[in-house]
Amino acid sequence: MLKESKFTEGFKKAVTKHSTKSLLASIISIIVGLIIGFIFMLVASILKPGSSALGGIGILLTGPFNGLNPKYEIGNLIFYMVPIIFTGLSIAIAYKTGLFNIGAPGQFLMGTMGSLLVALSIDTTGNRFLGILVWILAIIVGMLLGMFWGSLVGMLKALFGLNEVIASIMLNWIAANIITWVFKDSPLHNIGEGKDGYLIKTSLTGNFSPTLGLGKLFSSGNISSYIDIGIVIAIVFCVLTWIFMNKTTLGYEMKACGLNKESAKYAGINEKKNIILCMAFSGALAAIGGALYHLNAGIEFKWQSAYQTLPPWGFNGIPVAFLANCNPLGIILSSMFIRYLSTSGAFLPMVGFNQYFADIIIAIIIYLAGFTRYFIGRIDKRIRDMELARLLEKEKNGLKSDPPNDNVIVMEEEGKK
Amino acid sequence: MEDKYVIEMRNITKEFPGIKANDNITLKLRKGEIHALLGENGAGKSTLMSILFGLYQPDEGEILINGEKVLINDPNDATKYGIGMVHQHFKLVECFTVLDNIILGSEDSKLGFVTRKKSREKINKLMDDYSLHVDLDKRIDEISVGMQQRTEILKMLYRDSEILIFDEPTAVLTPQEIEGLIHIIKNLAKEGKSILFISHKLNEIMSVSDVCTVLRKGKYINTVKTSETNTDELAKMMVGRDVSFTVDKEKAKPKNIVLRLDNVSVVDKNTKKSVVNNVSFSVKSGEIVAVAGIDGNGQTPLINAITGLGPVSSGTITLLGNDITNGTIKERIMYGLSHIPEDRHKHGLILDYSIAENFVIERYLEDRFSWHRHRLIHFENRKNYSDYLIDNYDVRSGQGSNTTARSMSGGNQQKAIVARELDKDHSILVACQPTRGLDVGAIEDIHKKIINDRDNGAAVLLFSLELDEVLNLADRIYVIYDGEFVAHFINNGLKPEDLGLYMTGSKKMKKENIVC
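From first to last, the protein sequence lines are chains A and B. Numbering of the first sequence is given in my numbering, commencing with residue 2 and proceeding in unit increments. Numbering of the second sequence is given in my numbering, commencing with residue 9 and proceeding in unit increments.
Heads up, simulated BS3-like pairs for lysine-lysine below, C-alpha to C-alpha not over 30 angstroms straight-line:
# : chain 1 : residue 1 : chain 2 : residue 2
1 : B       : Lys432    : A       : Lys273
2 : A       : Lys248    : B       : Lys432
3 : B       : Lys194    : B       : Lys244
In silico contact screen, one side only, chain A against chain B (beta carbon under 10 angstroms); selected entries:
# : residue
4 : Lys248
5 : Thr250
6 : Lys256
7 : Asn261
8 : Tyr267
Covered by chain A, per the in silico footprint, the following chain B stretches (three or more residues, Cβ under 8 angstroms):
#  : region
9  : 346 to 355
10 : 359 to 370
Hints are computed from structural coordinates only; laboratory data are not their basis. We treat Cβ as the ideally placed atom computed from N, Cα and C, and that holds for glycine.
Take these sequences, add in the hints, and give me the full structure.
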């Protein structure tokens with residue numbers, strides 16, 4: 002009896018924990034999303050003979066394992082997680098402070114620009130030690146630029162009351178145009194000039210991200226995948242951000258501002274300072290994502306189209322953050338999941354579907370994640386019912402359960418007598 | 009007649025995890041009767057009414073309407089059986105007219121367009137029948153709270169409700185509006201409507217109801233005829249022990265000046281009107297100074313000026329000799345400001361934070377609650393402190409320190425704020441409506457704590473709309489009218505009548521008699 006109650010107690014504790022509930026809700030939305038996606042493909046397969054919906058879902062589920070060399074695919078999958086982990090973190094911490102940072106693409110671009118200007122203007126070919134130093138410097142410069150870019154949004158909001166969404170959309174395009182100007186017409190334009198509209202790879206100046214041998218581990222024959230140290234740094238940042246939001250006084254302060262601005266003010270918390278700081282952190286995170294992505298030895302940055310299309314990595318942080326319910330640790334999983342589906346998209350033509358079906362399904366899942374609260378509510382109710390059933394069961398068995406409050410009342414009444 | 013009931017709720021039991029909200033409760037309502045449901049916060053009144061309204065299903069027991077057993081699965085069923093409810097917080101669409109709000113959801117239409125003529129006639133007739141008049145063409149945000157409540161009542165009448173439930177209807181009203189409401193309710197009963205009146209205010213129950221059912225801690229206590237009982241008896245039934253309505257306190261021993269205002273004025277940013285006008289006064293340690301007045305006479309901007317939530321246009325405010333006129337809230341807290349805010353949801357609590365997190369909202373940077381140069385939260389100390397406050401201030405919460413503030417009852421939320429503000433080192437306590445929405449037992453308790461705080465050497469500045477509270481607690485009283493201090497009294501046995509004329513602005517003291 003005791004053992005059982007201990008077990009149910011533990012189970013209840015685990016399930017009622019908010020993070021567990023969010024995880025459950027995300028899993029539910031993924032499953033439902035896949036089912037809807039399957040129906041989509043079923044309809045499409047009727048319209049287009051020769052395609053198979055079951056095959057399609059199979060490919061989505063097996064993802065990178067459809068490739069000739071799964072190891073290589075997995076290496077790339079992990080590499081492409083890095084930028085969306087960072088933009089996801091950027092959006093998550095802003096959201097927890099009550100801000101919607103739609104400016105991640107701009108901050109991502111500023112980080113890209115800052116880091117590449119450093120990494121491509123200093124040539125350390127041959128000296129790996131110096132190369133690493135410049136690489137670190139590049140990340141820091143990129144981060145500072147992104148931090149500045151983010152804090153601009155914060156300042157506009159805190160000091161002039163300008164809505165952060167409007168401010169960051171504008172700053173996205175300003176960043177995109179600045180970057181085009183810098184690499185096209187500014188005095189700095191010949192730094193790292195590559196083929197038309199591109200910069201050269203960082204491997205040519207020697208200041209590229211260490212691969213820690215991961216590239217070779219996840220390779221296909223002689224061709225290494227892109228994977229590098231970025232994923233390690235990304236996971237470290239997820240943990241750090243989680244600690245920041247949950248264990249530090251500053252995180253507590255920021256969340257207070259996000260949850261109830263007025264009572265934060267009442268308690269003497271400087272809301273304006275927190276908005277600016279939060280946007281600065283948020284910008285820094287997105288910028289590190291941009292820096293780490295482009296500092297990879299094999300990536301060339303195409304500045305030419307920046308002023309027309311913002312980098313997708315910025316906006317893709319939004320689904321990553323929300324699928325994880327803005328939990329920094331959850332972001333590791335959600336980014337992995339999204340990249341897993343994206344990777345599988347490339348193999349969909351094998352069963353007669355367009356690769357964009359994967360994107361459709363991702364979009365459906367993100368959409369469902371919006372219902373997370375609803376799902377959480379359902380789970381909550383289920384737990385309450387279970388609890389109730391347990392209590393009633395106890396009663397039936399003759400074990401009169403005294404609700405805790407009754408004890409309090411009795412003691413209190415005796416005390417007052 | 010004697011045994012004919014419009015509603016019978018028999019042996020209702022409803023259990024929530026860890027608590028029996030309703031334990032074998034029976035409630036019988038006759039036609040044309042005003043039946044009061046009395047109980048403290050958490051006594052199970054709301055649960056019982058939610059069951060009647062179809063929001064919850066009872067675990068045991070049955071509901072009979074006009075002698076027939078019914079199942080009420082949702083509010084639509086309740087409406088079908090002629091049950092209507094005026095909620096404590098009105099459910100009105102602010103930017104709609106009164107008329108549109110009343111017909112919303114059961115409007116007549118022709119070719120998809122709303123036709124209001126028939127509805128208007130019906131409502132006009134209702135208004136005449138029950139002498140319950142509202143301007144139908146005004147928007148909700150243009151009319152007073154009392155008028156909004158009338159709109160809610162008309163909404164029920166329009167839907168032909170026979171059984172009207174009023175959930176704490178007076179909580180939001182001014183004394184004059186309360187009188188009007190009581191009149192309306194009596195009218196409704198006279199016209200044959202049956203009324204359930206939920207309240208914890210004894211005076212109202214005595215003046216409005218015919219019969220009163222008392223609940224305590226989820227249990228049925230008794231049903232009595234109001235004419236055969238008195239407030240003391242009801243209070244005893246409700247709380248379970250004798251309750252004293254007057255507070256015992258010794259004479260104040262004021263010492264040094266803690267808070268001082270000199271010619272403070274506040275000009276409203278939007279209307280450019282002066283909402284606080286040249287106010288000067290001071291509060292000494294060891295005394296309770298109350299500001300009495302009818303709601304909306306400048307109390308809120310004055311409170312905001314003192315606590316830092318709002319601006320000061322001219323004049324100076326000093327706290328312990330430090331000029332804080334334009335100081336930040338953090339500075340004020342540092343000089344010892346404790347503030348029980350008027351609006352506990354807007355300012356007092358972060359509803360999605362746990363009670364422990366809420367307890368340290370002003371103090372999280374203290375050595376005790378943070379470590380590593382105040383950068384990291386000290387969870388263990390915070391938890392211990394929170395447990396200590398919960399024990400010492402009798403804050404009841406389902407899961408102890410981890411309970412989110414949102415899931416606590418209003419009374420316990422208020423107790424939590426009081427606990428936090430009193431337990432913090434402070435030189436002055438600015439208490440704004442400290443007992444709003446609390447039940448008798450809790451009010452008595454908080455009053456004792458405030459007096460205790462005074463005796464421990466704090467200065468107390470009390471803002472209250474409840475005259476009884478002001479007269480019970482205050483050592484000195486200022487009356488505020490239209491943003492101005494119009495009277496000053498030393499409280500030695502003052503009666504409400506003494507203040508009345510000043511509060512309505514019909515009388516004013518000479519400026520030099522208003523000592524600061």
